[in-house]
Structure formats: C-alpha cells, structure tokens
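> Residue numbers (our numbering), protein chains in the order written: chain B, 1 to 1064; chain S, 1 to 362.
None of these hints come from the bench; they were simulated from the model.
Glycine is no exception: its CB is placed at the ideal position from the N, C-alpha and C atoms.
Treat the hints with care, since some could be wrong.
What the hints assert, rightly or not - Not everything, but these chain S residues come out facing chain B in the computed CB check (under 7 Å):
(1) M36
(2) A67
(3) D114
(4) T119
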Amino acid sequence: MPKRTDIQKILIIGAGPIVIGQACEFDYSGTQACKALREEGYQVVLVNSNPATIMTDPDVADRTYVEPITLEVLNAIIEEERPQALLPTMGGQTALNMAVALYDAGILKRYQVELIGANYDSIKKAEDREAFKKVISDAGLAFIQSGIASTLEAAKALVRQTGFPSIIRPSFTMGGLGGDIAYDMENFERAVEAGLASSPMHEVLIEESAIGWKEFELEVMRDKNDNVVIVCSIENLDPMGVHTGDSITVAPVQTLTDKEYQRMRDAAIKIIRGVGVDTGGSNIQFALNPANAEMRVIEMNPRVSRSSALASKATGFPIAKIAAKLAVGLTLDEIRNDITAVTPASFEPTIDYVVVKIPRFAFEKFPDVDRTLSLQMKSVGEVMAIGRNFREAFLKALRSLEVNREGMEPSFQKNLGVEALKKMLSRPTFNQISQITDAIRLGVSIDELYGLTKIDPWFLNQLQQIVQIEADLVGLDQDAVLLRRAKASGYSDRQIGRITHRPESEITAWRKREGIVPVYKRVDTCGAEFEAHTPYLYSTYEQECEAAPSDRKKVIILGSGPNRIGQGIEFDYCCVHAVLALSEMGYESIMVNCNPETVSTDYDSSDRLYFEPLTLEDVMHIVEVEKPLGVVVQFGGQTPLKLAVPLQKAGVQILGTSPDAIDRAEDRERFKKLLDKVGLKQPTNGFARSIEEAEKTAGEIGYPVIVRPSYVLGGRAMEIIYDPQSLRDYMVHAVTISPEHPVLVDDYIEDAIEIDVDAVCDGEDVFVGGIMEHIEQAGVHSGDSACSLPPFSIGPSVLKIIADQTTVIAKELKVIGLINIQFAVKDGEVYILEVNPRGSRTVPFVSKTIGQALAKIAMKVIMGIRLKEQGIMKKTLHHVAVKEAVFPFKRFKTDAILGPEMKSTGEVMGIDQDFGNAFAKAETAADNPLPTSGTVFISVKDGDKAAVTPIAQKLNALGFQLIATKGTADYLNRFELKVEGLKKVQEGSPNILDRLKNHQVHLVVNTVGDKRSKEDSQVIRKRVLQDGTPYFTTIAGAKAAIHGIEALLKNKLRVRPLQVYHQH
Amino acid sequence: MNKPAILVLEDGTSFTGQSFGAEGEAAGEVVFNTSMTGYQEVLTDPSYKGQMVTMTYPLIGNYGVNAEDEESERIWLEGFIVKEYSSFPSNWRSEEALDVLLKRRGVIAIDGIDTRALTRKIRVHGAMQGILSTETQDTALLLERLKKVPSLVGQDLVTQVTCAKPYEWKGETGSTTRFHVVVYDFGVKRNILRSLAELGCRVSVVPAQTPADVVLGMSPDGILLSNGPGDPEALPYAIAAVKSLLGKKPIFGICLGHQILGLALGGKCFKMKFGHHGGNQPVMEMATKKVQITAQNHGFAIDFSAVEKDIEVTHINLNDQTVEGMRHRNLQASSVQYHPEAAPGPHDAAFFFKNFVDSCSK
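With these hints in hand, go ahead and build the complete structure from the sequences.
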C-alpha cells in the first residue's frame, strides 16, 4: 500500500534536554525519523530545546525550532507552520505528554493536525493505568494487582488490599520518577506524597510487588495492515524491583523455553492490538514468576524508547526509522531491510551473538544520594557490548564503562567477611556485580546467591565461570590454551596482566606470538542467512573474520563511550559531524563506540561501525585490521583523548592536534610554562602532594582557593575552599593524594565573569567560533553555568583581548582542529583558567547559534583543508542564544547548590532577538519558567545583600510582592522596600516552608555561604525542587532573571526556526 | 574437558571442537536453524532425519530439557552442532541437562566451533553433506567415509520415522469431539496432533504407507498430511494415496505433506540451496496481503507454475518469493509449506487448524 499523499508536512517533537530517564536515545530515534520522513518526500518541522542533538542540526529537518517544549510554544509553531500531522512517538515521554496536552487543549483540532504513529486513544490506553488494565484483562492476560489513588487516604485503602511490599508509581512520569517501594505504612505514606507531587495528573498507582520475579521486555512493531513483528527480546539480569534503565539487560532472552517465549510473544501482540497502536513500535514489559512462569504484564510504552534504541543496536533493525515510515502508511513488507538489501522489514530479526547492556551511574557526584537501586531510575548512561557468549559480551561491557575496572577483579570490601557481604547482597546497588563475584570467590554457592539476589542461576553460573578463569590464570601464566579460553570469555590483556602480575604489553606480545587475535563478525539481523551489506562489526575470538576492510583512504573516529555527567551527547554530536565531514571529503569513515543510545552507533551514520570498548587493546585490533590513515581523538571528550599517547606510542598516527600539544595543555607545569612563554596570565596556582604542602600553597596564594585532583573530568572532586580547616577536611576526605597525582590549588577569583571560547585552528589561522559569557560567576562549573552567545555584559575591547589570546594559544600549541579555552574576567583583567585542545561541550551550542558547524570545519582542517580554503568567515549575529543547564536534583532529592563540581545532565538553548527573551526561553525549556507576577522569596548570604538590593528594587518596580528571611528583609527594608520578614524554618510556623507548600511563592532567590547556612537552608531548596518553584541560587542568575522577566512583560512570544536565524 | 570432536564437510572444510553428546560418528546433510529458542523441539522433530543441524544462536542448553517439549518420542537428527553448550540449565521446567539427554539417546553433538562461519559456508555453497566424529581427527579418513553417505535426494526417509501401526492421539483434547481427522504420519510433530485435538477433533494417526481405501474406511471428516523428512519424490506410495483421496475428503497438508499434495496435483519439486529452517520467515497471505511470521523447516519446495489453472497460490515467502501455501480451485485440498503448529516458533498461523477443521464440516 502506498504512503499517504494527503499529508505533506509533519511535526516531530523531540525529547528536550538530557535528563536521567530520557537521554540521547531520543536523538538517535528523532534523527532517524526526520531522515526517514524526508527520504519519503515529506517536509519535517522539528521542535526540540536541546541544542546538543544531531536532530536539531539545520540539515536534518526542513524547519528546526530550538524552542521550549511547552503548550504555548507548540501552539505558536503549529499556527506558523500548519503541519497536517504530528508524530508524537519519537521524543520520549516529553513528546507523548505534549501531544496529549495539545489534543486536550483543542489545538490539534483547531489547526486540523492529525496524530500519526499513535493516536490519542491509544496513548491514553497505554499511559492511563486503569485503561491499560482493562486492555490487559480483555486480552485474557494478568496485570499486576493495582489501583489508582489521587489522595493519601485512597492510597492507604488500596495498599490494604495489595499488601506490602508495595510499589508506588506516579502516572505520566518518565524514568520511574517519583516511583518507590515501601515495606511498611510509614514509608508508604512518604512515598505516596512524593509520588502525588511528581505526577502531572496528581495520581499514583499502588501496586502489588512482584519483587524477585524475572523481568523481560519485548520490542514490538505493528503496521496499518495489522502486521506485527517482535524485533527483539530482552531479559533483565536484575530481577523485578530494579528499574529496567538501571538493570543489566541481555538480548535475546536466555532462560526461557520456546513455549514460554511464544506465550509472551502472543501476549505482546494482543496488547499492541488492544491498545490500538496503529503503526510503529512499542515496548512491553513482563514479569515472570521463576517458580511457575506465571506471567504478569508490567507496562507498555506506545513509542520508541531507551529499550527500542538498544534493540535497534542489538539487532541491526532500525526501529525508529521503520516506525516513522509506518506512520505515513507504508507497511512492513514494503520496507526493505537495509542490511540484507533483499529481504523486507516484515520479519523478526534473529541474532547469533549475545548483547549485554550495563548502566553507568554517577553517584560519586552526589554523595548523599541513596545508592540502592529501585523503581526510580538513577543511572546517567549505558554501554552495550556484543560477544559470541555471555561472558565475552559481559566483560566487554564492563570495561566499556570506564570506571577504572577492567572486569570483575576483586573489589573493595575485601576484609568485610562473608556475612556482611551477604547482607549487602540482599539490597541491589550499582555495585552488586562486584559483590556477587567477591561472594563467589569466598565460596558462596549459586543457590545461596540466588536466594539473596534473585538473579537467575544461569547468569550467576556465568559469573562463576568468569571467576573460575581468573583462578585458573593465577597458576598458569604460560598456558596458551588457557589464554585463548580467557580471551574467548572476554578477558582483556590488561586484566590478564593484572591477574598474572605482568604488564599489559607483555600479555599482548605473548598472545600475538600464539596467534591469538580477534576476528570481526557482522551484525546482520538474520543470523547469516542472508549476506550483510552494512559493515556493522564486533570482535570475538573465533575462526572466520568478516571485516573485509576496503582499500579506500580511511579515518577512524573514536567515540565518547557511555554518557556520564561531564561527558554526554555533545561529544557524540562532534563525532557524528566528523564522520559527515569525512564523507563529504570522500574518505571512508570508521566509527568506534560502545554507547547504544547514540547517533554515532547508528550503522547508517558512518561507513563502517565497530561496536567495541574504547580501550587501547580494542582500538589497536581495529587499527591492525583496517590500517587507516590515522585516528582522530579530539571529538569524543576525555575517553579518546586519554588514548592519544598510548596509541601514538604504538605507532598509530593521531590526526589533528598532536598528543604532545594536548599534554602541554593538560599538564599543569607544562601549561604554566606555556603561558609564561606567550606572556598570558592565569590565576596564581600551585600543587600539593601532601596536606602540609597544600596548606602552605594555599597560604601563599591566599584564600579562597579552588582545589582539585589533576586530570579530571567535569570538575570531579573540585571545591572552593575558604579556610585552612576546610582544606584539611578536603585533603583527608575528598581526594587520595600521591606523588603521581597531586592536588591542584588555584587562586579563586571571586565574582569574576567566566568566558568560554570555542575555536578552530589550522596551525596558522584561527577561527573563533563563539565567545560565550557565563551567567553564573567563575567557580560554578562551566558545564553547570548558563551562558550567553554573544556576551551580554562584556565590552568590545575585552572581547578583542579574549579573541587575540585564543589565537595566540592555539597557534603556540599548533592546534589542528578544535580548541576550547575558559577565561575569567575581573575588573578588565583577563585570566586563563583552562585550555582544552579538543572538542568541547559547547561546540554544538555554538554551531547552532552561529550557523556554522565547528566540528565539521575542524574535521576538514584535520584532513588538510585550510580555513581559508573552506571560506570560513566570522558572521555578525543578529540574535542571542542562551544555554542553560538541567540538573537531576529533584530526582535525587539532593541540594541544588552549584559549585565547581559539575552536576548537570543536559542542557537547553533559548534563542531570540535579545538576551532577555533568549534567557527567559532557556529557563522555560529548563523547566524553571520565570514568573511575570506574584511573590518572590529572597534569602541571601551577608556578602550578597548589597548585590541583591537592586534586584529586589527592580522586582518591586515590576510589581512583585517580596518576602524574605528576617535578616534579609531588615536589610532590604532600609531601601524603602516593603519586604515581609518570615521566621526561619527552625523558628516555627508560619515560615517559608508553609508559603512554599501553599504555592504562595513564585520565584526563589537563595544564595548560601558557609556550610552551616547551606545546611540550614537546604530544606527550603528541597521543597522548592519538589514543588517545581522557579529558583536561582546565584546573584548573577537572579540578575539575568530580571532581564528575562522584563522581556517577557514587554514582548510577545516569538518562534523562529534556526534556518531563518542562520539566513541573517 | 570433554573429548575432542570434529566436523568435516564434503568440500574438505573441517571444524574442531568438543564432544558434548554421545560418542561415535554420524553423517548427514548439514543445515542451519535460526530459531533462538526451541532446541529441544528441533531435536525431536522427525523432519530432521538424515540431517545434522547447527543452531545459529550460539548458546544452547540454557534452559535444559523437559518431557513436555518433545515433538516426538526420540531425537531424529543425525548430529547436533553448536557454538557453546551451556551445561548449567536454569528453568522451572528443566528436568535434566541437554547433554544427558543426548548421551542417553545416542546423539552425537559438538560445541566450540565457529557456527557462524559454518552457516555462512552453507549459505554460499548450499546445504552440504557432513560427518561428525568423536573417534578420529583424521579428516582424510572421514572425508572418505563421507563419500559413501547417500544424499537426501531420492531417499525415502519417511519409512524410518513413520509409526509402525495406526493409533489414536491420546493427548489433551478439547471439550467436544466434533470431527474425525486422519493424520498421515510422514514424521508428524506432536503439536499438530495436539492442535487438532484442542479444536475438538478425534485424531487417528496412520503409517505413511497406509493405502487410501483403508483411510476412507475409517470414515474421516478430513485428512491431514503431516510434515516429515527428506525428498517428497522418493515417496510414490504417498503421492498415489493422495491422488486417490483427492475430491473425496477435505485434505490439508503441512510441509512435506504440502509437497506430497503438490506433486499429486502436478507441481514440480526442486531442492533449495539451503532451505528454510527457522522461526522468522515472513509469509504473505495473497488474499489479504497480510504477513505472518512463520516457523519453517524444509529443504525442498514445489513449483506450481505448470498447474496454475487448477492451483491457486495462497501464500508466498517474502524473502525469496517461493510458494508457501496453495489450494486447489475446485477440490477441497489445501496446504502450507510452513508449520502452523510452530513448536518451536511463532503462533501467527495457528488459525490454519481452525480453517481446516471448519472445512471438515462442508
């Protein structure tokens, strides 16, 4: 049946900023959808507030709106663009919820926009628990016993029926936000209150617990002829009770017989039909009682998801792309399978390998967060690995995580003893796998481990086999048969080296002498039944190699590995641009990465894709097979950067900026010499290798100082220290110091303005792509600070100094490619804080603002095309873009204070004619919308009282009511302001908490000084986060907010696509 | 460590691994099966008589074996070839590990070989004869022995797998007995009998060589021609019997039964390069243009182009356009090349039994 001709223009809503539970998998799916629809001849209008995505590249859609995803904005865009259809299934829960809101508000009807992919009724049926329950029982299936409650009393009535432990899930939230498990009434009440607060519908589901049951997922697709296929089956290694996003998952299912699997398949088909998803993909989750295979349906997502991205990468079947084509009326049999080229998409992929996904957590960033894994997702990224057995895939995935562990080496709790270990095992944490292997080493049986963890014995046995190899290796370090067995089970050379106390290089040499090298197999959707035309490869230790490298000129791009705080989608964006540039120049592009969520690991992105860990050994194997011109390390963040020197030592050509130049910028001492040489300034600084040295250095520099370990990412363990006592605390508790790993001590320039610059250098010329002014003062991590491009408060003379200094440094370092420099400006003086001769987090933001793709330009420079030859010229901007960071504070129920340690998971961009409007949009997009009237609560530290006064005056003039803590109120009232003073929380009611609870506060300005005031006021910030009240924790942020509020009061909302901004 | 084992193909390629089943030597046509679950059903499917099967999914044995999932009373295939045998089964229904069953039933099995390389070889060169041995590593000797092993073509394997005497299916049945179906056992899978019984049929199973008049003497409401191994052209007795049954009773064929019916109706049989063996084959129903995902297991197929006047092709395979189902335009005779009974595989086509049973009432 042909595709629809009654629609020409289709609106796609993206997922917005990267948050826990909704990450770059939606960039992957959205990009695929845009490409697929345009391939079919449709015009695509895209809305997404996240500038770090490939999907918001102006080349991907016809009209790209980088705007907040709100009802008001969507209404304006629909009014402007008049699309005939809206595809709501590509942007996660955000897009689905927005589609429902647009429908409910009558906007879709008013402009005659049809929902395609999933209609209103099917979204409702899948998302509304009661409706979904009916679908399940109509299909003759069993649903977990549950009921909906919108009050605490109703919830309590329900739990009396369903019993403890009880599961509490808020309706219509994403990533299990607000979900909890309660074992008793007291915890239950707390969980219900939190759940009700986080549900947009103010509704929670109270559910019987199937904790300890096995959990499975099926990825299902359906077309308009009612053809249904199962793309992938996934078995969670972790039992029910751990959010699937936080679970280790395995594809395909490992422990079900065909009868059980087919029963689940039948159920999935009945559900997708019952819900009525006419076209597209859905994810359906099942719980299975391990004792009798009793099956319960857990939930369904009528859209592409994290799991569908994983399933696409795991099978080679591009779910989002095909879902997009189904949405416009094509049927599965009319769509070709890209990989085989001869068979249709109406089949079920069969795989001949094992896929393991392991989540990555960021608990080190949030020390006070509960590390138990539960219903609410806590991981920030994930890796996937492919092998021909479970052990191989599992160990490859473990080393892909980049958490300083090669495999399952004995972990910390060495001296803990068996009993303590067993006790820990009964509560799943991010570290449970090491605890299990420690327990195996201590002789705990599989039966007992199963009793404690409810992880299927089959998986436990596999872990036991891995540990057994380790034990065998200890005794036999010259046994080639054993070496081969260890390699085939996924052991890395480095890990074998650690076990046998030999350097990695020695193991590698021995292995090569024995002729033990990996081969590459293809991911082909069909278990080799048909020839694979796409080189999507993974390594294994077997007989036949299918790599079949070409004799073209080729370049390897190393990706950025798992998303983590400090290294996320921005780097994948850069890698994808590098790949695109290589294709434009006629080179073969080879991508190496292990993150299943990304666009870079779409087999469609590069000419050849190696889904492999980013370690020296794994990359070297690929280099040996492919023999590229060289390897590019500057786009994927720290992950490839730290391989630069080892790769070069191994004889690999590093293309672009030399590893030595990278080291000159990263090594503090060499960096100091560099700046001295070119005569530029940096804040006074020094090193400390001991507590005494630290005190001495800090004393010389003068407090406050910024301290941090050397070689870190995302400001890990970085702190501002105001006094010697805090310094001692820091040195003792926060870092491990050693002669090789000194602590860096820098002068903290208070109240300086921080500047970020992204530039491209070809060795002779420098193109300064963007100079960004941070909103928050220096000292707040650049990744956490909002910033404005162009700057809003810095004059042309200082801007020129910054541009000149950028040029001097780039040339001195002989940078070939991207460079990022951070400056601090105070009283007209410019200081250099940091130089990163590589792609930075802000490259996509700058590229989208200026309409020039920096990473692409850089890749061309790397391949020898000079900036002049590329015709790159600076353009004057007629608009302002503001980037704002997005934080996981609410999810983690943790404090919202910003500091030198990066805590944000994602970012949004607001773009408009001036700073105020752009800032207001950015805040709206970051879910911190600025109010235009109401009450503002102010509570600032003493040092900020003078600075907050003009802000209070301005707010007063704009018609806001002001309330403050007693001290702040007394101070402000001296300036003829009528500020109502409130009691402190400790002083009893009525205090600020009561006002917040009653929703009588519309904006909060709260800055804190020392630890004590921070602790005292934390309860306020937690309440603010829970209620979603807009807030600022810096004076600079509050000042910017005034600009934003003024702009909102003055100007009407204006929406414009990037393509129009870039024309000017 | 298990004893070494070796697989040698007719072109001289050899794969060395370990034995995990019975010891000895076996030969047959090597085919690959792409089902990710259901190894026990594959092992006990009589259609694999004369063949050795390699599973493309690398981990086999994970969920053990149990009495319920047997598709016949023994293992018929000649040898079993896997990437990694998993000796630690975990499933609530598991009764024993797979290797125990293989050893007890005398089936030779090898693991630790590059089954993907083997599969690719078969894909490129077509199904090949192979010999599997735990007795010797001497490839020249094994190749010599392999030459003496007859090809599947022209061989009547059905005689070896059919039942010796007629019997009534005593498995679980539906509530009422509506019809009487006689099933020709060319190597029938239990799930066919089970499926009919569940729809309320009394099911009588007869040996492959049962003459037509004997079957008619049983007064069936319908006749089902079962699946089975090997070359349909080697079964003249069956073709003859079907010819005399045509037009007298509704006839329904599955797999080999489809091929026998096809030959009886004038179709031409050909051997496929490596056949269809797996649970993910897309089949289009021509009338509705709807696609079913089907379980399949056949190395021969029927071409009906010469008899288009009488035969309507009702189903085709979307991967290679071969015929997957047909019906006679005038007579009550229809058949499918694939396996509506699944086991292993998807249940998309299960309604075929209902259609057949419904046609019995006409």
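> Of the numbered hints stated previously, which ones are contradicted by the structure, given in increasing order?
2
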